[in-house]
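Student: Residue numbers (my numbering), protein chains in the order written: chain A, 1 to 495; chain B, 1 to 495.
Careful: at least some of the hints might be erroneous.
Far from chain A by the CB rule (all over 10 angstroms, computed), these chain B residues [said to hold, decoys possible]:
| # | residue |
| --- | --- |
| 1 | Met57 |
| 2 | Asn79 |
| 3 | Lys111 |
| 4 | Gly117 |
| 5 | Pro226 |
| 6 | Lys255 |
| 7 | Ala334 |
| 8 | His358 |
| 9 | Met399 |
| 10 | Val406 |
| 11 | Asn419 |
| 12 | Trp465 |
| 13 | Asp472 |
| 14 | Lys475 |
Calculated lysine-lysine pairs in the BS3-like style (CA-CA distance at most 25 angstroms, straight line) [said to hold, decoys possible]:
| # | chain 1 | residue 1 | chain 2 | residue 2 |
| --- | --- | --- | --- | --- |
| 15 | B | Lys349 | B | Lys335 |
| 16 | B | Lys9 | A | Lys106 |
| 17 | A | Lys489 | B | Lys489 |
| 18 | B | Lys410 | A | Lys410 |
| 19 | B | Lys295 | B | Lys9 |
| 20 | A | Lys255 | B | Lys106 |
The hints are simulated quantities; they were obtained by calculation from the structure and are not laboratory data.
Just so you know, even glycine gets a beta-carbon here, dropped at the ideal spot from N, CA and C.
Protein chains: 2
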Amino acid sequence: MASFKDLTKEEVNSIIERSWKAFEAYRKYPLQKRAAFMRAIAAELEKGAKEVLPVAMKETHLPEPRLQTEFTRTLFQLNSYAEACEQGSWLEARIDTAMPDRNPSKPDIRKTMIPLGPVAVFGASNFPFAYSTAGGDTACALAAGCPVVVKAHPAHAETSEWVANTVWKAAKQLDIPEGIFGHIHGAGFETGKALVTHPHIKAVGFTGSYAGGKALFDWANQRKDPIPVFAEMGSINPVYLLPQKLREAAAETAKMYAASITLSMGQFCTNPGLIIGIESAELDRFISVLGDEIKQVAPAHMLHTGIAKAFAANRAKALMQEQVTTVAVSVTPAKEEQGIPTIASASAKTFLNNPVLHQEVFGPYSLVIQCKNMEEMLQVAMDMEGQITSTLMATVNDMLRYEALVDIVKQSCGRMIVNGVPTGVEVCLGMQHGGPFPATTDARFTSVGADGIKRFARPISLQNWPDELLPDELKNNNPLMIWRTVNNKLTQEPL
Amino acid sequence: MASFKDLTKEEVNSIIERSWKAFEAYRKYPLQKRAAFMRAIAAELEKGAKEVLPVAMKETHLPEPRLQTEFTRTLFQLNSYAEACEQGSWLEARIDTAMPDRNPSKPDIRKTMIPLGPVAVFGASNFPFAYSTAGGDTACALAAGCPVVVKAHPAHAETSEWVANTVWKAAKQLDIPEGIFGHIHGAGFETGKALVTHPHIKAVGFTGSYAGGKALFDWANQRKDPIPVFAEMGSINPVYLLPQKLREAAAETAKMYAASITLSMGQFCTNPGLIIGIESAELDRFISVLGDEIKQVAPAHMLHTGIAKAFAANRAKALMQEQVTTVAVSVTPAKEEQGIPTIASASAKTFLNNPVLHQEVFGPYSLVIQCKNMEEMLQVAMDMEGQITSTLMATVNDMLRYEALVDIVKQSCGRMIVNGVPTGVEVCLGMQHGGPFPATTDARFTSVGADGIKRFARPISLQNWPDELLPDELKNNNPLMIWRTVNNKLTQEPL
Chain A
1 MASFKDLTKE EVNSIIERSW KAFEAYRKYP LQKRAAFMRA IAAELEKGAK
51 EVLPVAMKET HLPEPRLQTE FTRTLFQLNS YAEACEQGSW LEARIDTAMP
101 DRNPSKPDIR KTMIPLGPVA VFGASNFPFA YSTAGGDTAC ALAAGCPVVV
151 KAHPAHAETS EWVANTVWKA AKQLDIPEGI FGHIHGAGFE TGKALVTHPH
201 IKAVGFTGSY AGGKALFDWA NQRKDPIPVF AEMGSINPVY LLPQKLREAA
251 AETAKMYAAS ITLSMGQFCT NPGLIIGIES AELDRFISVL GDEIKQVAPA
301 HMLHTGIAKA FAANRAKALM QEQVTTVAVS VTPAKEEQGI PTIASASAKT
351 FLNNPVLHQE VFGPYSLVIQ CKNMEEMLQV AMDMEGQITS TLMATVNDML
401 RYEALVDIVK QSCGRMIVNG VPTGVEVCLG MQHGGPFPAT TDARFTSVGA
451 DGIKRFARPI SLQNWPDELL PDELKNNNPL MIWRTVNNKL TQEPL
Chain B
1 MASFKDLTKE EVNSIIERSW KAFEAYRKYP LQKRAAFMRA IAAELEKGAK
51 EVLPVAMKET HLPEPRLQTE FTRTLFQLNS YAEACEQGSW LEARIDTAMP
101 DRNPSKPDIR KTMIPLGPVA VFGASNFPFA YSTAGGDTAC ALAAGCPVVV
151 KAHPAHAETS EWVANTVWKA AKQLDIPEGI FGHIHGAGFE TGKALVTHPH
201 IKAVGFTGSY AGGKALFDWA NQRKDPIPVF AEMGSINPVY LLPQKLREAA
251 AETAKMYAAS ITLSMGQFCT NPGLIIGIES AELDRFISVL GDEIKQVAPA
301 HMLHTGIAKA FAANRAKALM QEQVTTVAVS VTPAKEEQGI PTIASASAKT
351 FLNNPVLHQE VFGPYSLVIQ CKNMEEMLQV AMDMEGQITS TLMATVNDML
401 RYEALVDIVK QSCGRMIVNG VPTGVEVCLG MQHGGPFPAT TDARFTSVGA
451 DGIKRFARPI SLQNWPDELL PDELKNNNPL MIWRTVNNKL TQEPL
């Protein structure tokens, strides 16, 4: 594997300075030019697919089809966020026209969005493309008008370096200053800290562990001028099995979940790590089928040594907790650094009294919680920390009958699925990828879908401006033909 | 003046518990019921105007016309945010319909907003109605579906108590649990801390000093689960006098600003505390007319002893800084606790080298900065901390010629006015009241205008839900007839 020298603090600072300089130019580009840049990055990445996929396979142990899907998703993000950037509804343009005859007279006030400034992006180990160097955070920041400084994930530094070079190639084509994109190697926390505490960094995007995300959040808030951090930090993605549905589809649900739990060796932030049911013959059947399925899934290499070690340690810790039963383990012997598909179970009481069981075991592992009755299931739901997703396996009757549970589950998650699996995160406007703390540091934003652009922009009101000096999205004749709220009414018409 | 006992920690906790309980019911009410509640509060307040205005006059020393205007504004906020609440565009409803034939198949995903939970509101001393007990933060939180716990400002505790009783009266009329609104007296920081660190408080709205807002922000971020804080903390609201405009309208501008600086004894967060011009005969004329006008403005009582003392101390500190010239002081002798209209001046160099001169002097005071040339003006603009507003007094030619200045000023403010005064904050969708730190703690939100509702809500995606169980705003037939983004297109049509 290629190795890259950690940058010195001086080198990091000079990259950020370049980024600050590039911001002066980039923030003034029309939306079309930002979009063209994003499309050029996608086009250049696509050209190099054959070159970079083998590098990523070598670095992450992820199989080619999985990486190919992720690669395609990355291109889709860049292209679809480029379209959203141009289409301009994220600017939330509002125009309130003057009322000179009112007493006191009302001035003309118009609102749009401007970029925050250079954004530090920390990529995810499990998504070398879609949540990394030219991934969702970078695409959103570029759409918002912000330069990006990426800290390469050390687990796929070579892939990251290749992607960075591709971004610069695209920038060159469009005559965009190289400083629009910075790329930093550095294994330790120190590099991350230097980035997040630098006065010219104005926002942070992060996908990774709780410890990592929380450290960035704290540094950002301790600055002289605190800056927003959107850190996605993991989730156990609880699944609630409701009684009627379980009676109707125990085996089918178990099979669907065995696949979801072991997809990509469970290395998804939306992996269902907790399944909650009520003691019954059907739940026994669910557990038994789930166990049988899991036993048949072969262990496979995890992303990198660190993740493999963490999985081994966290799995062992979870299984060794008092009153936890190991239900099923893959029957195929595992090699070193492989993830071992595993199902455990415990009572609701055990779960409620043991915080260790609330922690994520990142990998192909899930814990089934057996409740005595619906009251216990409600208690478990009320006790749940913030989650990226929660899922109900439920009939319409279940949802009507257990309305209180439906309501409680809503309070703790960013996305709530009915009769499906949480893995598989669509890139679309309807997607909320982000949930209450500790799932993310700001539940009011999403990191997937074009609404993620709004993380890196802020509103500004322009009062009493001459029409010719307003940005295009606020001009009387609406040259961009975008939707605007004019005197409280949505319209695409010119004034 | 009536005095109110500080609540004990136990009493505060029990109010928050009631608020948490009320949240269970209130979050499920349809938008219409929330709006009806807000309108009922406005109606009840209006009925009692004659009763409460004298109380507020006695507590704040603000004259009746000023309070009457603020009172009307408060009713307008409640009514217009109620309308926005019902109209539902703040929900940003997005629907992406299923594509079962795609490979892999795409599920149905729909996004709306849900409330964060009980919100702690800290009212402003200078706005006993519009930014206090039933003011903008409270109205936004109620619209979002959140209960509110207000910490009464000790400087107008009796007014606050009266308003709280009025809110409960309205709640009773609509059978809304009393816990929807909590009201806490407590002078010290301890009460505020107990509120913000309570696990059932989920967001904070604040208007006041930097020290107060920053303390709340830090406590909120040090919680086990950090919560969002929108603190509006003050601003010096710089005004840039551009050369051509100054040549054309020095005297007129000076008169307009003398009025703005002394309006309500300068006790506005948008008071123009800094005026920046380039050394010239016209600037001398501006300063001379401004001084003459200020001299004629009589001192008047400030809001309360604390603010009067702070003004006296900060004004003295500013005037005593090296190389600061006192330009003009009201010729009318001031009584105790009165604000003294004052203008000072200093060179750009003095300003750039002395952080004391960057601090807000809350009251009828403004500092004129004399730059040697446009380069110095640019330097001052680049050095500026985050502001609620910035203003350009400029012709179109000025703005074209000094484009770099226009761009730099944009970076540090939430609202940018051309040829006007920053005082006067319209309640409308086009308004951004909030700016980069330290003006506020989160520049991505506004505290004035119906967009302020979004501070207290978060998106949630509902994936693959049965139509009949979706909230109304996401149902196929669009019963609320609201604007929704369906498969990337804005429409009011049903599916």
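Student: Is Pro226(B) truly not at the interface, in the sense that its beta carbon sits beyond 10 angstroms from all beta carbons of chain A?
Tutor: 6 angstroms, violated
Student: Quick one: work out the minimum CB distance from Lys111(B) to chain A and report holds if it exceeds 10 angstroms, violated otherwise.
Tutor: Its Cβ does come within 10 angstroms of chain A, the nearest being 5 angstroms, so this is violated.
Student: So is Met57(B) really clear of chain A, every C-beta pair being over 10 angstroms apart?
Tutor: Label holds. Min Cβ-Cβ 21 angstroms, cutoff 10 angstroms.
Student: Taking C-beta pairs only, is Ala334(B) more than 10 angstroms away from all of chain A?
Tutor: 28 angstroms, holds
Student: For Met399(B), which was marked as not at the interface, is the minimum beta-carbon distance to chain A over 10 angstroms?
Tutor: 5 angstroms, violated
Student: Taking the minimum C-beta separation from Asp472(B) to chain A, is that value above 10 angstroms?
Tutor: Fine: 15 angstroms to the nearest Cβ keeps Asp472(B) off the interface.
Student: For Gly117(B), which was marked as not at the interface, is the minimum beta-carbon distance to chain A over 10 angstroms?
Tutor: Since the minimum Cβ distance to chain A is about 8 angstroms, Gly117(B) lies within 10 angstroms and the statement is violated.
Student: Is it true that the CA of Lys255(A) sits at most 25 angstroms from the CA of Lys106(B)?
Tutor: Roughly 20 angstroms between the alpha carbons, so the hint for Lys255(A) and Lys106(B) holds.
Student: For Lys410(B) and Lys410(A), compute the direct alpha-carbon distance and say whether it is at most 25 angstroms.
Tutor: 39 angstroms, violated
Student: Using Cβ atoms and 10 angstroms as the threshold, tell me whether His358(B) really stays out of contact range of chain A.
Tutor: 13 angstroms, holds
Student: Quick one, are Lys489(A) and Lys489(B) close enough, alpha carbons at most 25 angstroms?
Tutor: At roughly 16 angstroms apart (the allowed maximum being 25 angstroms), Lys489(B) and Lys489(A) satisfy the hint.
Student: Compute the least Cβ-Cβ separation between Val406(B) and chain A, then decide whether it is above 10 angstroms.
Tutor: About 8 angstroms separates Val406(B) from the closest Cβ of chain A, which leaves it inside 10 angstroms; violated.
In this structure, the hints that do not hold are numbers 3, 4, 5, 9, 10, 11, 12, 15, 16, 18 and 19, in rising order.
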